[in-house]
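Work the whole structure out from these sequences, hints included.
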Amino acid sequence: MAGEGLEDILADQLDVIFCGINPGMTAAAQGHHFAGRSNRFWRTLHLAGFTPEEVRPENDRTILQYRCGLTAVVDRPTARADQLSLHEFTAAAADFEQKILRHAPRVVAFLGKAAYSALTGQREIAWGLQPRTFGHAKVWILPNPSGRNLAFSLDQLVAAYRQLHQNLHKSTVG
1 MAGEGLEDIL ADQLDVIFCG INPGMTAAAQ GHHFAGRSNR FWRTLHLAGF
51 TPEEVRPEND RTILQYRCGL TAVVDRPTAR ADQLSLHEFT AAAADFEQKI
101 LRHAPRVVAF LGKAAYSALT GQREIAWGLQ PRTFGHAKVW ILPNPSGRNL
151 AFSLDQLVAA YRQLHQNLHK STVG
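Using full-length UniProt numbering, you'd call the opening residue of the sequence shown number 1 and step up by one each time.
Misleading hints may appear alongside valid ones.
Said to hold, decoys possible - Distance windows between CB atoms, simulated:
1) Glu58 <-> Thr90: 29 to 35 Å
2) Gly147 <-> Glu53: 19 to 25 Å
3) Arg132 <-> Asp12: 20 to 26 Å
4) Asp12 <-> Ala93: 18 to 24 Å
Said to hold, decoys possible - Simulated pairs of lysine to aspartate or glutamate, DMTMM-like, Cα-Cα distance not exceeding 20 Å:
5) Lys99 <-> Glu7
6) Lys99 <-> Asp75
7) Lys99 <-> Glu88
8) Lys113 <-> Asp82
9) Lys99 <-> Asp15
10) Lys113 <-> Asp75
11) Lys99 <-> Asp12
12) Lys170 <-> Asp15
No wet-lab data here; the hints were simulated from the structure.
Values in this document were obtained by computation on a predicted structure and should not be read as measured data.
We treat Cβ as the ideally placed atom computed from N, Cα and C, and that holds for glycine.
In structure tokens form, the structure reads like this:
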């Protein structure tokens with residue numbers, strides 16, 4: 001499967017499915033989510049309270065123990081997300097929505113605004129909880145943890161992810 005996408009880590013009725021744009025080349029080659037050395041996903045998740053310790057990419061399946069799942073909108077790995085075309089998002093949209101409907105998470109957390117914008121056609125998107133659902137799940141927009149995303153420090157990422165974590169554990173989101 002290396003080089004041809006990355007297997008989803010999903011179960012039914014999770015608290016949250018974290019949704020990346022697409023797999024990076026390193027993640028796809030290694031067969032593990034967020035495996036790039038500069039990616040801050042696992043550290044952010046831990047510091048925000050989702051996991052009791054920092055999960056290593058090779059142990060990515062353990063995220064299910066914490067009622068979290070992982071997927072991507074587009075399966076094709078690229079070195080950079082801007083290498084995807086709008087057509088690829090459009091082509092993936094129906095299958096992606098069916099996946100969310102089938103697994104019925106409480107929240108779909110998009111990592112960055114690009115994928116959600118491409119799926120919905122919305123141009124103006126705020127961070128955090130969105131007014132519309134997607135596949136019957138609430139939608140939360142989080143900053144992308146990629147090391148290429150220099151607009152957000154680790155502290156800013158942790159604060160954004162912690163807000164989602166705290167809302168999930170208030171027993172209601174929104």
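Tested hints:
Checked against the given bound of 29 to 35 Å, the beta carbons of glutamate 58 and threonine 90, roughly 33 Å apart, stay inside it. Look at glycine 147 against glutamate 53: about 21 Å separates their beta carbons, and that is inside 19 to 25 Å. Here the CB-CB span from arginine 132 to aspartate 12 is close to 22 Å, well matched to the stated 20 to 26 Å. Between aspartate 12 and alanine 93 the CB atoms are about 21 Å apart, so this pair conforms to the stated range of 18 to 24 Å.
About 13 Å separates the Cα atoms of lysine 99 and glutamate 7, which keeps this hinted pair within 20 Å; it holds. Straight-line distance between C-alpha atoms of lysine 99 and aspartate 75 comes to about 13 Å, which keeps the hinted pair within the 20 Å bound. This hinted pair checks out: lysine 99 and glutamate 88 have alpha carbons roughly 17 Å apart, not beyond 20 Å. Simply put, lysine 113 and aspartate 82 have alpha-carbon atoms about 12 Å apart, close enough for the 20 Å limit, and the pair holds.
Using a Cα cut-off of 20 Å, the hinted pair lysine 99 and aspartate 15 holds, with the two alpha carbons roughly 15 Å apart. Between lysine 113 and aspartate 75, the direct Cα distance comes to roughly 17 Å. Compliance with the 20 Å bound is thereby established for this hinted pair. A distance of roughly 10 Å separates the Cα atoms of lysine 99 and aspartate 12; the hinted pair therefore holds under the 20 Å criterion. Only pairs whose Cα atoms come within 20 Å are accepted, and lysine 170 paired with aspartate 15 is accepted, the gap being roughly 12 Å.
Consistency note: the structure conflicts with none of the earlier hints.
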